[in-house]
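Engineer: Below are the chains, spelled out letter by letter.
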Amino acid sequence: MTGHIPVEQLSAWLDRELDARDAARVEEHLQACDTCRQSAREMSEVDAIFRTAGELELPPFLWARIESALDRAPARSAGAPWFSLALGRLRIPAAAAASLIIAAGGFLLVRQGMESHYQKRTLSEIERARIAVTASLREESYNPFFRPIPADREANPFSRDKLDPGFNPFRSATGAR
Amino acid sequence: MDDDRRLSDLVREAQGGDRDAVKAIYEIFAPRIYNFLVRMLGSREEAEDLTQQTFLIAIGRLPGLRDANQIESWIYRIARNEAYQRFRRKKALRLDEEYAGSPETSDLIERRLHANPEELLLTGELRQVLQKVLLGLPPRSREVFILAIIQGMSYKDVSAVTGRSLLAVKTDIYRARLSARHELRKYLGCGNPIGKGRK
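Protein chains in written order, with my numbering: chain A, 1 to 177; chain B, 1 to 199.
Source of the hints: derived by calculation from the structure; they are not laboratory data.
Warning: the hint list may mix true and false statements.
So the derived list for chain B, only partly shown, Cβ under 7 Å to chain A, looks like this [to be verified]:
hint : residue
1    : Pro31
2    : Asn35
3    : Glu48
4    : Phe55
5    : Phe87
6    : Lys90
7    : Arg127
8    : Ile150
9    : Tyr187
Heads up, the beta-carbon is just placed ideally off N, CA and C, and yes, glycines get one too.
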């Protein structure tokens, strides 16, 4: 091998990712080349220092949290259905379960459609009745609280015209005011 | 080989709804997935959340897994996707700030300049320096570095997890290695990162 080993090749050699022939060539070159040997050593030391730090321990209770989430929402899990877990030991075949769901879904849709039809009819009847009542209330005769203002002021005992200008209802009987 | 067969059996049992098998699969892969996520995200809390999320998704999709032998790269792929989704949500990788921005970290980095890896290991600070170095790498380099170099995954499996070609993975790994060496030198303040301390 002439010159130096490409770093990419050296890196793959460190990871034992070269085939036997290439690995042998690299090793032969390393025997004779200080620069490449130094380079390989530095890279392997970096690897070592990262591996030295070790692994962190898995937090406790993580599985308990996962299991609890599975129990809470078995059907909510993404992807394919988790029928078996959800149904415990029953293990209904997926096809049968799917058929049941489709049938139930169809029934619900039809039912919802019928309900929706009757709801619409009822609502339109209520609306018609509301319009009729509102219209009728506009007419005075239908308003039970309607009291017409007396056209004849004579009927109003408090009409200014009827009061004696000298009459003071707040004057006490004994007061000489 | 026996381990592979045992794993395939476990996967099949888990696909059949056996909760014990699901738990066994979790126990095999969760520690590595959690460590992968801690290193990718730089936060234990987030890694814990995403590990939980990863396994919930994996368990939900398990019946759809066709090749039981692919379960490892399959779970890693889910974890990686979750991590990238988190990155996208955060946009600017606030995680970097968690380490780089805190005064504690600055002090730590100052002290690094006068320490060697062995001392750091003894004081338990090495992990923080390494995390800082990892977070200094772009996510693409970071993930291959964690998978191939720290967790010892084969290039083929890294390729399966990341969805990149074997050749691209090979290039990414050597670049990540060079970047990590460069960053480590910066924090350790010595010519030879793991040499015998500062000269």
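Engineer: Against this structure, judge whether each hint is valid.
Structural biologist: Hints, verified against the model:
1. Pro31: Constraint on Pro31(B) satisfied, holds at 5 Å.
2. Asn35: Given a least distance of 5 Å, the restraint on Asn35(B) holds.
3. Glu48: holds (5 Å)
4. Phe55: holds (5 Å)
5. Phe87: violated (20 Å)
6. Lys90: violated (21 Å)
7. Arg127: Since chain A brings a Cβ to about 5 Å from Arg127(B), closer than 7 Å, the hint holds.
8. Ile150: holds (5 Å)
9. Tyr187: Cβ of Tyr187(B) sits 11 Å from chain A, so the hint is violated.
The structure fails to meet hints 5, 6 and 9 from the earlier list, while all remaining hints are met.
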